[in-house]
Amino acid sequence: MRELICIECPRGCRLLAEKTENGVNVTGNFCPKGKAYAQAELTEPRRVLTSTVRAKDCMVPVKTDRPVKKELIFALMQKIRGAKLLKNAEIGDIIIENIDGEGTNLVAAAPYTAEK
Amino acid sequence: MNRDIVVIGGGPAGLAAAIAAYDAGCKNVLVVERESEAGGVLKQCIHSGFGLTRFGENLTGPEYAHRFLAEAEKRGIEILKNTFVTGLSAQKEVTCMNESGIFRIRAKAVILAMGCRERSKGALNIAGTRPAGLLSAGTAQKYVNIKGLLPGKRVVILGSGDIGLIMARRLTLEGAKVLCVCEIMPHSSGLRRNIAQCLDDFGIPLYLSHTIVEIEGDTRASGVTVAAVDENKNPVPGTEKHFDCDTVLFSVGLIPENELTKRAGLRLDGRTKGAFVDGDRETQIEGIFACGNVLHVHDLVDFVSEEAEIAGRAAAAYVRGGEKQKELIPAECGENVSYILPQSVNKKESGAQKLFFRVKRALKNAVIEAETGAGTKVFRRIAVAPGEMENIVLSAEELVNAQKVKISVRGEQR
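The listed protein sequences correspond, in order, to chains A and B. In terms of this note's numbering, the first sequence is residues 1 to 116. In terms of this note's numbering, the second sequence is residues 1 to 414.
It is possible that some hints are incorrect.
Listed next, the in silico DSSO-like pairs over lysine-lysine satisfying Cα-Cα at most 27 Å (straight line) [unchecked claim]:
1) B:LYS92 with A:LYS84
2) B:LYS233 with B:LYS92
3) B:LYS324 with A:LYS70
4) B:LYS324 with A:LYS84
5) B:LYS81 with A:LYS56
Just so you have them, the derived chain A footprint on chain B, three or more residues with Cβ under 8 Å [stated by the list, open to error]:
6) 46–59
7) 223–232
8) 265–271
Here are some chain A residues the structure puts well away from chain B; computed CB gaps all over 10 Å [said to hold, decoys possible]:
9) ILE5
10) GLU8
11) PRO10
12) GLY12
13) VAL24
14) PRO32
15) THR50
16) SER51
17) THR52
18) ILE95
19) GLU97
Everything labelled a hint here was simulated from the structure, so no lab data went into it. For every residue, glycine included, the Cβ atom is placed at its ideal position computed from N, Cα and C.
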């Protein structure tokens, strides 16, 4: 039995999750998101990673376009720190393609226009 | 210069208010912003968790801001950037300063949307030296996320406010070692989910009922002494722990930025630290409205946007038709309620009215009573907590014969 705090929304439900033969048993969740979160936490925890990449004259916020494996986060941070944004970007434009080897992209979370 | 509406501040509140005023028919709106870009603090809040209520999506701060910036741009709403407002009169004359000099704008209505600032370490009276490396959590956030600079390598955080928790994670991801977060209260002031995803995920300890008793260092911070505190928040001798660190972050609360509000002659509510407003978010001066963190510190930007839209629509109606007929009744804090916003309600309003409030203590199976003098309406919540703003809605029928709205909250200890 594991106690978890759901991170899906500011409500922060206190969850109790237990692995059984048929999967994960979850209680304490207010909505289905909490159940899915607890199931993932006990099997393969994932997080959306947000950070910034260096552009010529500023930092540009970025995020993974879906949750990545928690164990990969520091390795992905290394890649993000090594990246440099050289061209203009809109929100959602891919900055690093397939950053985790599973098809997740790192995308821009703010528009960027290079200064002339 | 003359304007129908001047909005002071181009953060989430100011942008949403300007857009709502424009859509309510007042096209002559000007937003005055002191920074080089609008968007306010959201620009540096690169983490996700914004917009779940508003958009049903999990957005980062810059993405949330961009939605409103794009809407403002689409309408051609003018944002005067790099411009500082230095004065505001009760006659709604706004004094501004920028590169071109000092100038005045005469407005028919003014919307205060200046936001808040962080409580500084100076307010805490910690013993020891004052070396480099002591900064507010928000300053550290700006260094890391906007400037791309790491403010330190070994960090202790005082205060478990959300910005401090978010920065514990952010600094860890960027390669710093966050040694611990100390909170003087027996409970965290941040959201539970931020403790889970910002501290627990990275094994960062949270010491509740602990504070920093001494800061050491000559030119740069070199360490802190942390001690447990008793129920009167006094350090308990013998509980001291020492940490070698080069940086101390302070995440010890936010204060609405109301210098201009006071300059206009408005009194502040000691509980909210903002102006007194009615349901339209109109202050005690006709035609001056307020919204967002300048009015009371919110936990979620989604509610800031909602509140700002109320102020924006009301300001547009004021410009069009003048002060409307109001019969104001007070909102009174009953048991376990620390403040209510708005502080007064217009009982002549044709639609339902939403009242926001905070509780003093965390409770479960909470029963909320709204007593109007003409009846009592009961609401129930699974759980309430001081860090989570609550709201109730009263219909026009429930308010028509009311003399007050007194909100009380009872429940079981959580």
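Among the hints numbered above, which are violated by the structure, and what are their numbers in rising order?
1, 2, 3, 4, 7, 8, 9, 10, 11, 12, 15, 16 and 17
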